[in-house]
Amino acid sequence: MAGTAPTVGHGGEDETRRDFLYLATGAVAVVGTAAAVWPLIDSMNPSADVLAASSTEVDLEPVALGQRITVVWRGKPIFIDHRPEAEIAKARAVDVASLRDPATDEQRAPRPEWLIVIGICTHLGCIPLGQKEGDPRGDWGGWFCPCHGSHYDTAARIRKGPAPKNLYLPPYAFKGKTVVKIG
Amino acid sequence: MSYTPGNPVTRWIEYRLPIFGFVHHQLVDYPTPRNLNYWWNFGSLAGIALVIQIATGVVLAMHYSADSNLAFDSIQQIMRNVNYGWLLRYIHLNGSSMFFAVVYIHIFRGLYYGSYKTPRELLWWLGLIILLLMMATAFMGYVLPWGQLSYWAATVITNLFTAIPLVGDAITQWLWGGFVVGDPTLKRFFSLHYLLPFVIVGVVFVHLWALHVHKSNNPLGIDTKGPKDTLPFHPYYTVKDLAGLGVFLLIFAAIVFFAPEALVATINNEPANPLLTPPHIVPEWYFLAFYAILRAIPNKLLGVMAMFGSILILFALPWLDTSPVRSAKFRPIYKQVFWLLVIDAAVLTWVGANPPMGKFVLIGRLATAYYFLHLVVLMPLIGWFERPRPLPESITTPVLKEGAAAGGAS
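Chains as they are written, first to last, in numbering that gives the first Met the number 0: chain A, 0 to 182; chain B, 0 to 409.
Just so you know, these hints were derived from the structure itself, not from any lab. These numbers were taken from a predicted model, which means no experiment stands behind them. We put the CB at the ideal spot given by N, CA and C, even for glycine. There is no bait here: all hints are sound.
The following residues of chain A were derived to be distant from chain B, with all beta-carbon distances above 10 Å:
{"hint": "1", "residue": "Arg17"}
{"hint": "2", "residue": "Asp94"}
{"hint": "3", "residue": "Ala102"}
{"hint": "4", "residue": "Gly133"}
Below, a sample of chain A positions facing chain B; criterion: calculated Cβ distance under 8 Å:
{"hint": "5", "residue": "Met43"}
{"hint": "6", "residue": "Asn44"}
{"hint": "7", "residue": "Lys75"}
Starting from the given sequences, assemble the full structure and let the hints guide the process.
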């Protein structure tokens, strides 16, 4: 019939048009859903007040030689070690290439007498022992993690046990002679 | 098979919403293999354990404060001041152990009688999804009292995600809502601990839906052939399930009333201290085997992968097991090897409870190796070379023949 021919032609056009509309609607739906879900997901990230409390100043004047103190930065314990000469020498005598996470003592502690590290084991987040008198300090005289047995040396480098990395260094800068700003 | 209620009110409802007919077909005249043994009780027990957890949990949530400054004290408030608070909390606390015990037996029953084999693969998968949801729920519930172990369990477990290359740290901070486990973490864990049990209820319904398509497997592992092989669910199995429930509740009550703290580490009665890790951190008993697998591997990322892999591999079990015979009853070799896996799980649990030192390192590694060897190597191999014993024609045939023989002898 005469009437059918144009409809067939139209049908072909209609199909591409419908495909386009179908895909365009689908794309808008996907982008729209993603945009709507993002606030839900992002609300779980650290909030503004948590981010704001992100620097700590410490006066190192009262810390005696050989003393280790713990301060809190972003809720994490920061180990500050006023290292005696012997400990520095021990940390520098190591063959860096033999370490699991190679780093020189100079990189770990730019001011050699002050070692400042985040006191959280890089394995599964426990707090290593060694800050208090009488704590076990591990086979290398640094820190020892009681959870799964990681040993750290006097530059807080991983020497034995399951932890993959050295204790992390927080960002810090000395302000004047004895004040350090962490964060 | 259509169902017409006698009562006119019920009939009026039934015409508009056929709910009574549905219950009748699924729970009353539902055809169940007539040879189910007591190992088939544990599915319904798991359902009851879930209901107990939700009922006690909803009430406990009315007294609990999800705030890191108040959480620990609100638990003390529940234990000392709230009417029957001690009872509700001890039921909820030990209920999780009962729930896991029952579910683990339910899973091992499925393993022994081949309940995961065609056409019940999806049923098996849904069960594993329920297990994963249970683990997440139990872990987050353990964090809520905000004791020392609560806090450090949360720290160690969330730190597992730092093992993910590149994005691990970002994901972990997102999970925490901060730079360490803290108040935001506690609040979201409480929210999810309340939500997930209802997700479990949803998956349980789909699990039952899949179950009711091909009906229960049975100790012989052969399909039912007609009404001779089945019994109506009510009263036969409602009564059998109730008998099992009685035993379950006896044991449960014995723990709640006579040893409610037997499974609780005393250190969790100390409030959380983010600056002091307790010397010996162990999870609850139902996670120890997985914890042992995590620690068996000296590489952080591989250890985490092995731990998650130990459950995920069970999803492939319907295809790893190459034997066409379901029940271990007719599989002379698998029947014995099955018990090696049970022993292996027990050894892993024992190793997980001990510090990773000395002999425990070696035993833990051997047991981990056997676990994967059993599933990936032994299951396919045994299916190939094992010669199964002949299967009976139907569930009733061997019984009727033996009956006839005995009758003839007398």
